[in-house]
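Engineer: The listed protein sequences correspond, in order, to chains S and E.
With the UniProt record's numbering, letter number 147 in the first sequence gets 147, and the count goes up by one each step, no holes.
With the UniProt record's numbering, letter number 28 in the second sequence gets 28, and the count goes up by one each step, no holes.
None of these hints come from the bench; they were simulated from the model.
It should be emphasised that the depicted structure is a prediction, and the values quoted were computed from it without experimental measurement.
Some hints here could point you the wrong way.
Note: identical chains are not told apart, hence a pair may lie in one copy or across any two.
As the list claims (entries may be wrong) - In the DSBU-like style, the derived pairs of lysine-lysine whose C-alpha atoms are separated by at most 30 Å in a straight line are:
# : residue 1 : residue 2
1 : Lys36     : Lys196
2 : Lys121    : Lys83
3 : Lys36     : Lys83
4 : Lys121    : Lys36
5 : Lys105    : Lys36
6 : Lys105    : Lys40
7 : Lys105    : Lys196
There are 2 protein chains.
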Amino acid sequence: MPLLYHHPFSAASRFVRLILGEYDEEVELVETMPWKRDEKLLLVNPAGTLPVFVDHDGVTASGALVIAEYLAETRGARMGEVKLLPENVGDRAEARRLLHWFAVKMHGEVTDYLATEKIFKRLMTIAEGGGSPNAAAIRAARANIRYHLQYIGWLAARRNWLGGRGLSFADLAAAAELSVVDYLGEVPWEADETAKAWYARIKSRPSFRPILAETMRGLPAATHYADLDF
Amino acid sequence: MPLLYHHPFSAASRFVRLILGEYDEEVELVETMPWKRDEKLLLVNPAGTLPVFVDHDGVTASGALVIAEYLAETRGARMGEVKLLPENVGDRAEARRLLHWFAVKMHGEVTDYLATEKIFKRLMTIAEGGGSPNAAAIRAARANIRYHLQYIGWLAARRNWLGGRGLSFADLAAAAELSVVDYLGEVPWEADETAKAWYARIKSRPSFRPILAETMRGLPAATHYADLDF
């Protein structure tokens, strides 16, 4: 069975788990803390970052964007409706633009701040960078998320899914980021009904179930987190 | 003719110019300063970042990694030897891992610091973030580049090209980053002969010529910059 080195609250790892769920692919999850020097992780990915996918034949793909392309090439081709990348090259460029928007830009402006300050710093030792959260970083994330939520709403009002007509990597990347932020109760859903309706649609997909079941000791999920009619 | 919104000293833009050169594709270059609010740029790429490629049929691809995939899909297929992505899916994942390593990790740890502090801050107004360079950022980049140069040497000693048997996006991404740093005379070539020999090979390709001809008023290139036997 393929392996996925991941962390339950790494948005990039969640994105890959959603892809695997949509492609109906079973995987063995290896929980990894990327802030610890982990020789097993460094052996498969010298960058020491998550996620890393090791296929059943040993082929390794490192990093969420690389894994997404790899899975599209190895699994997507055999899928019918749910390919996650459009057929047309121009539409693919648009889906990838939004994939990068959410996985890189939104991640850096919102999720990374909130996950680091409110989750990872609790798990890290002081030497690893743990400690009390940085209020300025949390404030920045809270301001930035409104703009990203609005962009999701804007896209969802104009298209069937964020990246175009079909469900794509763009939706899964956006949903993965939001799912981490939503666990923390930090998504101002009342600010955009269209974004909320899009998220409700994607949240009810079977691929999302394992993510909604994640919990962290000492930090319970926001009450509506696993609720499909939030 | 396709358009490329670029900046001569943006490593990501140089990477795409190298791809276009290797694919023997002519393009009209539109020089853009991404730190200025540019309505034309925002219209084609809401993220306001470089590079952006607009194909002759109007299809737009934003961001170097998205453009690379788009060009591989639209131009790479018709190329013989120089496809820039290997045929085998596992080898593609490895070439893409290194592409991301150089375009994201090395860029963030080395090139972005040096280009921002030593080039872009000269071109920016104070309100845009211009001013005197931050010595700590330059020191960090100078420490980090040794590790990246060593990794390039390690790869080049084991493989024909960095990403495997054939020239790939991995080489072009690494070379694009190094070319900006080398303009500034900040690559410690004496530290790794193997990396230097690899760079001499890629530097002598015709796709590299326009990049070696770039100059900036008030900031001449390091004396060996355009020299193929540096």
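Engineer: A separate judgement is required for each hint: does it hold in the structure or not?
Structural biologist: Results for each hint:
no.: 1; hint: Lys36 with Lys196; in the structure: neither (36 Å within a copy, 33 Å between copies)
no.: 2; hint: Lys121 with Lys83; in the structure: neither (37 Å within a copy, 44 Å between copies)
no.: 3; hint: Lys36 with Lys83; in the structure: neither (35 Å within a copy, 38 Å between copies)
no.: 4; hint: Lys121 with Lys36; in the structure: within (12 Å within a copy, 36 Å between copies)
no.: 5; hint: Lys105 with Lys36; in the structure: both (25 Å within a copy, 19 Å between copies)
no.: 6; hint: Lys105 with Lys40; in the structure: both (29 Å within a copy, 20 Å between copies)
no.: 7; hint: Lys105 with Lys196; in the structure: within (20 Å within a copy, 34 Å between copies)
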